[in-house]
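Chains as they are written, first to last, in my numbering: chain A, 1 to 414; chain B, 1 to 311.
Derived from the structure by calculation, the hints contain no laboratory data.
Each hint should be verified, as a subset may be incorrect.
Stated by the list, open to error - Here's a subset of chain B near chain A, in silico, CB distances under 8 Å, partners left out:
{"no.": "1", "residue": "Asp11"}
{"no.": "2", "residue": "Pro13"}
{"no.": "3", "residue": "Val46"}
{"no.": "4", "residue": "Leu56"}
{"no.": "5", "residue": "Ser58"}
{"no.": "6", "residue": "Pro64"}
{"no.": "7", "residue": "Arg66"}
{"no.": "8", "residue": "Gly67"}
{"no.": "9", "residue": "Ala79"}
{"no.": "10", "residue": "Gly83"}
{"no.": "11", "residue": "Glu100"}
{"no.": "12", "residue": "Ser123"}
{"no.": "13", "residue": "Asn144"}
{"no.": "14", "residue": "Gly146"}
What the hints assert, rightly or not - Computed spacing ranges between beta-carbons, pair by pair:
{"no.": "15", "chain 1": "A", "residue 1": "Leu387", "chain 2": "B", "residue 2": "Gly95", "range": "52 to 62 Å"}
{"no.": "16", "chain 1": "A", "residue 1": "Asp304", "chain 2": "B", "residue 2": "His16", "range": "55 to 65 Å"}
{"no.": "17", "chain 1": "B", "residue 1": "Glu100", "chain 2": "A", "residue 2": "Gly341", "range": "55 to 65 Å"}
{"no.": "18", "chain 1": "A", "residue 1": "Ala187", "chain 2": "B", "residue 2": "Ala93", "range": "47 to 57 Å"}
The beta carbon of each residue, even a glycine, is placed where N, CA and C say it ideally should be.
Residues per chain are reported as follows:
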Amino acid sequence: MTRALITGNAAAAWGGRLARMDYVPAFPITPQTEIIETIAKWTERGDIATRMVMYESEHSMITGAGAAAATGVRVFTATSSQGLLYGMEMLYTVAGWRAPFVLVNVSRGLASPITLEPDHNDIMAARDSGFLQIHCATCQEVVDSVLMAYRLGEDHRVRLPVIVNLDGFYLSFTREAVDLPSADAAAEFLPAFDPQGTEFRAGKPVSQAVAVLGGGTYSYFRYEQHLAAQAALPVYDEVAAEFNDRFGRLHPAIESYRAEDAEMVFVMMGSFATKAKDAVDRLREAGIAAGLLRPRLFRPFPRDAFRSALVGKKGVAVIDQNLSMGMGGVLHSELASALYGAPDAPRALTSFVGGLGGRDIAPAEFYEMAHATLRAAETGETPPPRLMYTHSELREMRKLQAAAHVERHEQDIA
Amino acid sequence: MTDVHFQRMKDLPSTHLLGAGTAMCAGCGGLEMIKEVYDVLGENTVFVNAAGCMTLLSVYPFTPFRGSWLYTAMASSPAGAQGVRDALDILKANGRMTEEEDLEVVVLSGDGSASGMGLSATSGAIDRGLDFIYLCYDNEGYGNTGQQTSPESPHGARTATDAVGPGNIGYKKDLFSIWVANKPAYAATVVGAEPLDLARKIEKAHELEGPRLILSLAPCPTGWGYDPAHTVEIGRLAVKTGVWPLKEYVDGKVVHTRHPGKRTPVEAYLETQDRFRHLFEPVRNDKVIAEIQARVDAYWAEVDVDDGTKA
Ligand SMILES: Cc1ncc(C[n+]2csc(CCOP(=O)(O)OP(=O)(O)O)c2C)c(N)n1
Ligand code: SF4
Ligand SMILES: [Mg+2]
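Chain A on its own, in the form it takes in the complex (with noise of 0.2 Å):
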């Protein structure tokens, strides 16, 4: 083991390696870059034996990132926003291969407007593809995470793909202190791949992806997709154990921060929810019980895990960096259909979409999320889905639109 001050996206290329990936696809786009430049870096050098190709798009990339896990090498890649929806066809097709890899993706928002910023609209787009996801919050994680991803998705109670996602900025540039496995111990961690019969050679002809004809039989392939996810859950469980035992370091399917004897729970993914971890402390001073429940684990989703945990709360203040426009947050949904019918589900769950885009979630906003939260369980009449948003980022809002405005009309005053 050795101790790197890196970024997440370094932890990303480090989990790759340490995976020792054959085959990597690759295709910029920011905030990805480093992790591909990285990789390029080392295998130019020869430090490892993987090989590198530049493909000419994303749905080119997870094509190919495919069809290699398909014919039998461990292959990695990696995206982010734009990439990850260019993409968006291969990414429920190769899924339907069963033919495992793993594909980081680092968060950022969508167009329109078009910006580099994080939000987790792009990756919950990817939410029905059948890729297994998996978020992380530290850059400990992200080299963690894609380690147990490979033995996660190759295990032959799973054999789907995963994604491992990093917040784009606030992790993948953020450099932190972390362990990296030695070779061996992530060798015996694992293991060597194992097409389990998925491959292409030479007097094994096999056909793969083949059409179906009929609801009955493609459901059949749907619905054995769908269990396989489900399996997921238990097989994380074990990966997870076993990694702990191996390196000392639990990530379970839902992290838990003094949500145990909360009376209020904060949940929420990725990076941010260091800041809600902040606030918990700071709340619980002021003599509120909050805590924060942070899935690592959406897909599959943790259902069980989330209704034990939430059983007998006031109330749960759920924020999504992501928008269902005409909806709400995509979270918040999610959790509700996992709650409904629970016996002593919490009284209030509410709904606050913020940190679209890389916008802060300042400490105030969680204290009013947290006394908005409990006020819904004494009245038990929930507020509807608020968009956070301060009074000072308005005045900059409407600084930026009078400017807008004299440019437009600049013609008018000349």
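Following the hints, position chain B with the ligands against chain A.
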């Protein structure tokens, strides 16, 4: 380059590898071509397929192929070929697979993929010098979806999206030249109706390494509107009229493998198909027929009659 084995028709393989009973239409020119190609390439192949008519060759749990198959999507079959090829190379390089277990990677796509949606992926594969064969059956339309106008639909042809009026006002895209401009290892045009010429080219392509294009005219009774019995005849007419030049690009030169010499007028070809019927009935459209003829004439005016090279 080694001498080709196929000198005469009787040299062609007598055992046929492709299974019968597929979902293709009776008289499908694309299927005819694939049958002939498969006899030469053999079963140590993996076909990487793009969405199109031929996707229905392998429908669970049946396949006519003795070798392997991977369906991808409409736009990215060359990228699928890249992934398969790279993985095979990796496996060989680190001893996880023997040389004997290696496969020829063959993209199988229609013209709509090859000249439209998939052109970006093809371009990438050529840039990377991918070692693969791109086998395109050109039925001159989006056949699987009902023969709408594609980048390869010929001028004047009626299609499902140019069903009334003058037919397609665009002109057939020159995919062969797009490939040749980028100096592939090999490129050739073929048609199932000329099996000897086809077999020679497939054999050559098989022996080479790098990006290789086999572009086949694929007469399509369903989309073009003719009796399925006439597929071979229409393929031959396409060659005799000069509408479909048979040629290859090898060692930096384009050479015509068949010079029609005294060409049959194009209308002999056009007349056979419903998609051009409006050029003859109810009133003859001499202007468009003459324009089509003039374009074919202009093409052949640049071809050397003796050595088949093109200026
Ligand atoms: C992304 C996408 N858009 C549209 C389609 C619908 N589609 C399936 S096959 C096809 C036509 C393909 O044309 P071509 O490549 O010429 O093959 P052909 O159908 O003629 O065999 C189309 C448009 C698709 N499968 N995928
Ligand atoms: S529509 Fe044409 S190309 Fe497609 S299967 Fe039928 S005959 Fe063949
Ligand atoms: Mg077509």
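Status of the hints after comparison with the structure:
1. The interface hint given for B:Asp11 is violated, since its Cβ lies 25 Å from the closest Cβ of chain A, which is over the 8 Å cut-off.
2. With its C-beta approaching chain A no nearer than about 18 Å, B:Pro13 sits outside the 8 Å limit, and its interface hint is violated.
3. Satisfaction of the interface hint for B:Val46 is found here, the shortest Cβ-Cβ separation to chain A being roughly 5 Å, below the 8 Å cut-off.
4. The beta carbon of B:Leu56 is positioned within 8 Å of a beta carbon in chain A (closest approach about 6 Å), and the interface hint is therefore held.
5. Restraint check, B:Ser58 versus chain A: the minimum CB separation of about 4 Å is within 8 Å; hint holds.
6. Taken as an interface hint, B:Pro64 does not check out: its beta carbon lies about 10 Å from the nearest beta carbon of chain A, beyond 8 Å.
7. With a least beta-carbon distance of about 6 Å to chain A, the hint placing B:Arg66 at the interface is held under the 8 Å criterion.
8. Nearest Cβ of chain A to the Cβ of B:Gly67: about 5 Å, under the 8 Å cut. The hint holds.
9. Given the 8 Å rule on beta carbons, the hint for B:Ala79 holds: about 3 Å separates it from the nearest Cβ of chain A.
10. At about 3 Å, the closest approach between the beta carbon of B:Gly83 and any beta carbon in chain A falls short of 8 Å, and the interface hint on this residue holds.
11. Interface restraint check: B:Glu100 against chain A, minimum CB-CB distance 6 Å, threshold 8 Å, status holds.
12. Because the smallest distance between the Cβ of B:Ser123 and any Cβ of chain A comes to about 6 Å, under 8 Å, the interface hint for this residue holds.
13. Checking B:Asn144 against chain A by beta carbon gives a least distance of about 11 Å; that is not within 8 Å, so the hint is violated.
14. Because the closest C-beta pair between B:Gly146 and chain A is about 17 Å apart, greater than 8 Å, the hint is violated.
15. Between A:Leu387 and B:Gly95 the C-beta distance comes to about 58 Å, which sits within the given range of 52 to 62 Å.
16. With their beta carbons about 57 Å apart, A:Asp304 and B:His16 fall inside the hinted range of 55 to 65 Å.
17. In this structure, B:Glu100 and A:Gly341 meet the distance hint of 55 to 65 Å, their C-beta atoms being roughly 59 Å apart.
18. Taking 47 to 57 Å as the suggested C-beta distance range, the pair A:Ala187 and B:Ala93 does not conform, at roughly 19 Å.
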